[in-house]
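> Residue-level listing of the chains:
There are 2 protein chains.
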Amino acid sequence: MASRQRSGEDSLIARYFKPIATDPGAFGLDDDAAALKAHGEDIVVTTDGIVEGVHFLPDDPPDSIARKALRVNLSDIAAKGAMPAGFVLTLALRGVDEAWLAAFARGLGEDANSFGCPLLGGDTVSTPGPQMVSITAFGRVPEGRMVRRSGARAGDRVMVTGTIGDAALGLDILKGGPVAAALSGDPAAKEMLVSRYRVPQPRNALAKAVREHASAAMDVSDGLAGDFAKLCAASGVSAGIDTPLIPTSAAAAGLLAKGVVGLEALISGGDDYEILCAVPEAHVAAFIQEAGRAGVAVTAIGTVTGERGMPRFLDAQGTEIRLRHLSYSHF
Amino acid sequence: MASRQRSGEDSLIARYFKPIATDPGAFGLDDDAAALKAHGEDIVVTTDGIVEGVHFLPDDPPDSIARKALRVNLSDIAAKGAMPAGFVLTLALRGVDEAWLAAFARGLGEDANSFGCPLLGGDTVSTPGPQMVSITAFGRVPEGRMVRRSGARAGDRVMVTGTIGDAALGLDILKGGPVAAALSGDPAAKEMLVSRYRVPQPRNALAKAVREHASAAMDVSDGLAGDFAKLCAASGVSAGIDTPLIPTSAAAAGLLAKGVVGLEALISGGDDYEILCAVPEAHVAAFIQEAGRAGVAVTAIGTVTGERGMPRFLDAQGTEIRLRHLSYSHF
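Residue numbers (this note's numbering), protein chains in the order written: chain E, 414 to 744; chain H, 414 to 744.
Keep in mind that the hints were calculated from the coordinates and are not lab data. It is possible that some hints are incorrect.
Note: identical chains are not told apart, hence a pair may lie in one copy or across any two.
[Claimed, not checked] Only pairs whose alpha carbons sit at most 30 Å apart, straight line, appear in this in silico DSS-like list of lysine-lysine:
#, residue 1, residue 2
1, Lys431, Lys450
2, Lys588, Lys431
3, Lys450, Lys621
4, Lys588, Lys450
5, Lys603, Lys588
With the hints as constraints, model all of the structure from the sequences given.
As structure tokens, then:
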């Protein structure tokens with residue numbers, strides 16, 4: 414795209430990606446680089462790659478692969494309180510599959526348009542191995558206003574958007590695990606959980622509320638438990654999480670109640686792409702109100718405490734639950 | 414790094430990459446994103462990935478792999494007339510090889526420091542396939558001043574930095590091709606050519622001169638012939654290139670003279686990472702003078718002509734040479 418254009422690559426790019434690179438700073442993908450206007454704001458930069466066999470499955474629909482690749486980055490932009498400004502794409506492909514590329518570009522273009530995050534450039538390379546989609550996305554925030562992981566303070570409420578654990582259950586279904594068997598009579602629930610794995614719903618509508626009210630925030634990508642432990646570590650605090658308050662979908666709650674899965678699978682499973690944040694008590698009402706206006710469900714699940722340490726996950730009796738795994742690890 | 418931190422990944426990042434992420438906007442790689450200050454300038458964005466077996470070889474020294482990954486992007490920043498502002502890194506690794514990572518991070522940190530282009534964040538993922546290093550790099554230019562491919566006009570001189578074709582010869586040596594055999598008695602020449610393939614010398618020192626004097630510019634990454642054809646197409650012009658004027662190293666000139674390689678291999682081979690630009694006649698003297706001050710060799714190799722079309726490559730008699738391949742293509 415913008416850079417490393419090569420003859421075979423050029424025609425690919427012209428056919429599939431030029432039509433979605435509508436921002437003037439993309440120069441129609443005809444140059445070596447893009448130009449991003451800053452308008453006096455800070456540029457928030459985040460990068461996330463998804464790998465075939467790890468973050469998506471070889472027979473996932475190509476448009477959903479494109480959407481996931483962009484949305485995992487949009488989720489970081491939202492959690493930092495920033496507005497999407499654009500992205501660049503690196504595609505490592507085994508070869509040219511025109512139908513696959515056409516569907517991939519269509520999904521990417523639709524999401525770029527609906528989230529207001531234009532394609533600015535990219536690179537296409539060949540690989541003999543698993544395919545990979547790597548995106549670097551940009552957001553804009555007023556100078557110095559990016560919401561960090563490190564601002565949580567004792568007394569802040571811990572809030573999370575949406576529901577937790579659905580994507581991990583969806584992956585289990587795609588792999589033919591116990592969740593697939595338990596839901597064999599409920600295709601609608603299976604479809605909902607699989608779609609939560611394949612196409613995250615980043616909470617960009619909440620970005621302004623996060624920026625105005627959260628003391629610390631991040632997105633939940635590798636499991637609520639492990640990600641929240643990182644937020645606590647960055648802030649030098651601990652917290653008590655009331656696990657019965659952790660929001661789950663009806664499907665997930667049913668599987669929990671039947672003992673098909675345990676709580677740990679839900680809160681350490683990853684791929685949720687919800688926003689987890691700390692909100693000072695005085696801001697909680699306004700934050701909830703603005704979230705409601707933005708159409709994003711938010712739930713209070715615990716309270717930050719002052720001493721530095723691992724967060725404590727408590728059951729309905731207030732007894733601490735011991736977790737073996739906090740999050741998904743690549744290595 | 415900045416994003417998608419996972420337990421095993423976290424310790425990798427802390428050990429090898431935190432020490433080189435010294436820019437305040439990198440937040441010590443402890444957050445989901447980085448913040449890039451724009452200072453009222455445009456942010457130039459470029460992205461280039463290198464794949465094992467394609468752009469580097471499995472037993473290339475890890476520090477040179479890191480340098481190449483960063484420098485191919487620095488080369489784009491330079492060609493656009495921009496000053497380096499930072500970069501993010503996506504590493505797709507088969508597993509954790511501590512010695513490899515330590516050497517990779519050392520090479521990356523040294524180059525980030527010497528080119529003034531700090532590590533801002535990144536992502537580490539596992540892959541069962543070939544390893545890949547994808548970098549998105551940022552530069553700063555005064556508003557609206559990024560040098561495009563599209564500004565060349567009839568009468569402009571075509572200028573190129575350094576020497577052309579060495580990297581393609583170096584790759585032939587690493588693959589045990591005819592160049593390796595022809596240079597079996599000249600280890601110094603072999604080493605020079607291999608190092609030109611492994612560690613490009615991006616011309617960032619020339620960025621200001623390019624911005625002030627070139628009407629169009631790009632870096633030569635996929636072969637002088639094909640890349641220049643793209644610049645002509647983007648500008649709606651053609652050009653005559655006097656191929657005897659194309660600068661070559663003594664080693665390359667010797668191989669040409671002996672008939673070991675032809676001119677086509679040199680000008681369509683790729684991996685040069687030199688700057689190719691069009692300079693209006695009135696700016697040529699100043700451009701050459703500033704290049705001299707910056708310590709970068711520049712050579713005039715032809716003249717832009719008005720009619721739109723493929724550039725013509727002429728021999729010493731002024732006869733057009735027919736090229737079968739213009740550049741390296743991935744697909």
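> Does each hint fit the structure? Answer for all of them.
Verification of the hints:
1. Lys431 <-> Lys450: both (20 Å within a copy, 29 Å between copies)
2. Lys588 <-> Lys431: Answer is neither; intra-copy 36 Å and inter-copy 36 Å both fail.
3. Lys450 <-> Lys621: For lysine 450 and lysine 621, both the intra-copy (20 Å) and inter-copy (20 Å) Cα distances are at most 30 Å.
4. Lys588 <-> Lys450: neither (44 Å within a copy, 44 Å between copies)
5. Lys603 <-> Lys588: within (12 Å within a copy, 51 Å between copies)
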